[in-house]
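Q: Heads up: the sequence shown begins at 3 in the numbering used here, then just goes up one per residue.
Source of the hints: derived by calculation from the structure; they are not laboratory data.
Here are the simulated distance ranges between beta carbons:
(1) Asp87 <-> Glu118: 44 to 52 Å
(2) Glu86 <-> Arg119: 42 to 50 Å
(3) Asn111 <-> Arg85: 32 to 40 Å
(4) Ser97 <-> Arg119: 28 to 36 Å
(5) Phe122 <-> Asp101: 30 to 38 Å
(6) Ala121 <-> Ser84: 54 to 62 Å
Cβ coordinates follow ideal geometry from the N, Cα and C atoms, glycine included.
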Amino acid sequence: MGIFDIFRRKKETKFDVAASPKLGLRPTELKPLPGLPETEPWRVETTAERPEPIYEQRKPYYDEGPAYIREMPGAAPQAQVSREDVISKDIQIISSKLDTLKVTLDSINQRLANLERAAFGEHESPRRRW
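Turn these sequences into a full structure, and let the hints guide you.
A: The following block contains the structure:
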């Protein structure tokens, strides 16, 4: 057994995880962990279910005063992403994917041409030309 263990095939990793029956379960179908209370963190509470806060809601200190004081240090200003920006990014992604497909097709065409040349005998053996 010790000698033949070297030649034994290693256990292959299983890629059947994607085919597991529990992969597509929604959070409502999952069982809670033992010892934890059964809660639904994905459920949105309505205003009737939410308890009223005991303390008074106050504005943060940086909402009062001039604009340069209101900005928190280290925080980047939030710019609204316009529709044109989103569309241009989508177009760039599509363009890069099309370029990748074109390169792949060119490579396949080149390989096919080489196979056709070899099949029809056009492929010459290298000769000395000196």
